[in-house]
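*Asks:* Top to bottom, those sequences are chains A and B. Quick note, the first sequence lines up with residues 946 to 1273 if you use this note's numbering. Quick note, the second sequence lines up with residues 946 to 1273 if you use this note's numbering.
These are calculated hints, taken from the structure and not from any lab test. Note that the coordinates shown come from a computational prediction; the quantities given were computed from them, not determined experimentally.
Any copy will do: because identical chains look the same in the list, a pair fits if it lies in one copy or spans two.
With a straight-line Cα cutoff of 20 Å, these simulated EDC-like cross-link-like pairs (lysine to aspartate or glutamate) come out:
| id | residue 1 | residue 2 |
| --- | --- | --- |
| 1 | K1189 | E1054 |
| 2 | K1163 | E1137 |
| 3 | K1272 | E1230 |
| 4 | K1249 | E1217 |
Number of protein chains: 2
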Amino acid sequence: MKKYSTQEFIDGIKDGNRMLLSRAITLIESAKPEHQDKAQEIIEGCLPFAGNSIRMGITGVPGVGKSTFIESFGNYVIKEQGRKLAVLAVDPSSSRTKGSILGDKTRMETLSNNPDAYIRPTPTAGSLGGVARSTRETITLCEAAGYNTILIETVGVGQSETAVHSMVDFFLLLMLAGAGDELQGIKRGIMEMADSIVINKADAGNQDAAKRAVSEYKNALHLFPPTESGWIPRVTTASALENKGIKEVWDIVDEFIRHNRAKGYLEKKRKEQSVYWLNESIQYELNQAFYGDKNLASKLDQYKKDVQEGRISSYKAARELLRLFRKA
Amino acid sequence: MKKYSTQEFIDGIKDGNRMLLSRAITLIESAKPEHQDKAQEIIEGCLPFAGNSIRMGITGVPGVGKSTFIESFGNYVIKEQGRKLAVLAVDPSSSRTKGSILGDKTRMETLSNNPDAYIRPTPTAGSLGGVARSTRETITLCEAAGYNTILIETVGVGQSETAVHSMVDFFLLLMLAGAGDELQGIKRGIMEMADSIVINKADAGNQDAAKRAVSEYKNALHLFPPTESGWIPRVTTASALENKGIKEVWDIVDEFIRHNRAKGYLEKKRKEQSVYWLNESIQYELNQAFYGDKNLASKLDQYKKDVQEGRISSYKAARELLRLFRKA
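Go ahead and model the full structure; you've got the sequences and the hints to work with.
*Replies:* Next comes the structure, spelled out in structure tokens:
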């Protein structure tokens, strides 16, 4: 395989070369220090050309129809809005072999064959912190490559939503109509992140239930306080299968972006996100240094047992561990 | 002022000596290293006698009637349940001079004069991390002093709820009946922490509105997934002013404790909380070391600006800062 220079990578990405984009993302996802160093140089080179996109997060429990929705929604924004779409994923639990989230491009057949769409499965392994960082850096490369709509998929079962929420402009929650227990499986707090809730699978025969769900969620959202920008989360229905309600979802995204851009909240939020990720990265590095310290590992285990059994206070244990850490 | 030895402190606290308890808490709250060291010794000495209490968190926006409720509830558990009560507070924004949360014992007049109640205002200053740690260590001393009901008050406006939630067995949210916007001012996510919601000020003339609020909240809570232990948050009304509904709140607490104790969730949760606070303390100490490093401060500011303006990636900035930190 030909070895490309950093500059060749940067130029290729800016030209929309998908092969070079993919290989650069692989460098981002690699754990090897020399790959990491090269990846960082490529990111630095792409940064001046990044930022000009609408970044969307999308979540929902398995079975809600995320792939079908993304296929339908993606085709709409490309064909009807003339946009270029990149689809990424954050799912630390996934692996390609298990065939989970975005693991199988064939589930988005039309989209994956569209030259204006770029689909990248989630990295195969790693901690949430690592996967989230990779994805965030991948956004930069995709934007530099001209994708002006970034869609980041995640599963509605854990902290990955918080990570995705912290890297997007707009957060969409896909739900199903059902009897009372619609939120089953959705982790507490996720509903409160949503800028819009879409009741999916509002197919023929299921529309009444979907409409009831809409009014239930509107009532529930009503109980939450308004967001800083004054945006009230929208609830709507869609049938990705029948291609219905898709334009309406885009209209909500569009309205949200215009609303927040006009008031300066879009830029403000992105700057806050940058500082958030700087601090997250600092935490990550500090934790790597501390928890990765092999000499500390057995001490840490012992202190854990001691605090659980009430033999030492958490604070004193932490202070003693830190003393050992800083001495090393 | 007489100087007491560590052993005198420990023995006095175990004997229920309130003066020594108060002075030991003052040592916990002190920033002076020699006070801290002594405080840690006292805590170590008290740990074997701690743990045997029901720990309750209570929150709600200013105006919801927290002080009156605590007064009423506290008198009930002391007189009718024969318990001993300690009331603590976590409110990093408060200060005694501003007369905020628990700043004025006169707001709980009967309770503060009751020999079976111990009321401790929130520490006057400090970061949330510092205040939370002080409060958590104060729980240990209060338990060793024989208080078997610990009530930790906080205000419903920020991260302090998460901190309190992580140190209690049971979390109570006080609300007011109102037209649709009951959650106004309550930070997103707090409702989902509640093991019970009490609509306070269900006084004569306000009972219908309170009953409507109960059914609204029951509906909203219904949309949330069940907790691990299978406990479904209870919604009830109370009039602290008229001393109504107070027994019912205690019955809920009692049922919750029995439910969770029987299933082993109470002990499991406490062990998880201990490890949580060990890791929190480690984070706190790591952050103190990093963000307190004077040589790094100006570098950090510069990197913040750079990531905001997109001149460097968050990750690269963090790595460079860490390199500087570890070299020092």
